[in-house]
Amino acid sequence: QKEVEQNSGPLSVPEGAIASLNCTYSDRGSQSFFWYRQYSGKSPELIMSIYSNGDKEDGRFTAQLNKASQYVSLLIRDSQPSDSATYLCGLNDMRFGAGTRLTVKP
Amino acid sequence: ETGVTQTPRHLVMGMTNKKSLKCEQHLGHNAMYWYKQSAKKPLELMFVYNFKEQTENNSVPSRFSPECPNSSHLFLHLHTLQPEDSALYLCASSHPAGRRGNTEAFFGQGTRLTVV
Numbered sequence: 001q002k003e004v005e006q007n008s009g010p011l012s013v014p015e016g017a018i019a020s021l022n023c024t025y026s027d028r029g030s031q032s033f034f035w036y037r038q039y040s041g042k043s044p045e046l047i048m049s050i051y052s053n054g055d056k057e058d059g060r061f062t063a064q065l066n067k068a069s070q071y072v073s074l075l076i077r078d079s080q081p082s083d084s085a086t087y088l089c090g091l092n093d094m095r096f097g098a099g100t101r102l103t104v105k106p
Numbered sequence: 107e108t109g110v111t112q113t114p115r116h117l118v119m120g121m122t123n124k125k126s127l128k129c130e131q132h133l134g135h136n137a138m139y140w141y142k143q144s145a146k147k148p149l150e151l152m153f154v155y156n157f158k159e160q161t162e163n164n165s166v167p168s169r170f171s172p173e174c175p176n177s178s179h180l181f182l183h184l185h186t187l188q189p190e191d192s193a194l195y196l197c198a199s200s201h202p203a204g205r206r207g208n209t210e211a212f213f214g215q216g217t218r219l220t221v222v
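Listed in order, the protein sequences are those of chains A and B.
Those letters in the first sequence? Residues 1 to 106, by the numbering used here.
Those letters in the second sequence? Residues 107 to 222, by the numbering used here.
In case anyone wonders, no lab produced these hints; they're calculated from the structure.
One thing to keep in mind: the hints can contain errors.
Chain B regions said to be covered by chain A (calculated; three or more residues, Cβ under 8 Å) [as the list claims (entries may be wrong)]: (1) 144 to 152; (2) 212 to 218.
Which chain A residues stay away from chain B? Per the calculated CB distances, all over 12 Å, these [stated by the list, open to error]: (3) Thr24; (4) Gly59; (5) Asn66; (6) Leu75.
In this text the structure is predicted, and so the values were computed from the model without any measurement.
Using N, Cα and C, we set each Cβ at its ideal position, and we do this for glycine too.
With these hints in hand, go ahead and build the complete structure from the sequences.
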């Protein structure tokens, strides 16, 4: 069974702090990795995609990929209360982890 | 309209009813997906269609019947559902698998289904 594992949280950080979200996967053949944000009652929306080992930055978001360790993470710098949501890690086989719920406290 | 559109947004049905969920995408994608999202559970991939052909059925009960008449439209026909089938049903689309696998998926707003 191919699996995507995330810490379900909740993860709570103060406003302005760095939030670190982690994801591990079991299928070594995975090529593409995605982070989605899902607000309560809404559908998931894409934040970042990453395909190569290393870091990829987009504004306050940085995705990190380590294929050898089968690990992908998302860092959110200068966290804002509006970042409070569930963050889903997804693979190119269209499967997702259970999501990590993030709360940013003012 | 742009993006992925799902109708209806909310649906309440009895266990003996027959209803259908509709999904339409205007993104030029050729892969479409149905997901089930229950409270406090991961997104469950139900069905995958590539170029109108079903390529994946993840042991979904036969009371859920998908239909993909073309690359832009996807339906989920429902009949004799159970209360435990109450959930948010999400449709998504993407470009199909290539060298890097499937590209990013774009989701519709979902249909909140309640079975009574």
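Now the hints, each set against the structure:
| no. | hint | result |
| --- | --- | --- |
| 1 | 144 to 152 | holds (count 4) |
| 2 | 212 to 218 | holds (count 5) |
| 3 | Thr24 | holds, 14 Å |
| 4 | Gly59 | holds, 17 Å |
| 5 | Asn66 | holds, 17 Å |
| 6 | Leu75 | holds, 20 Å |
Violated hints: none; the structure is consistent with every hint.
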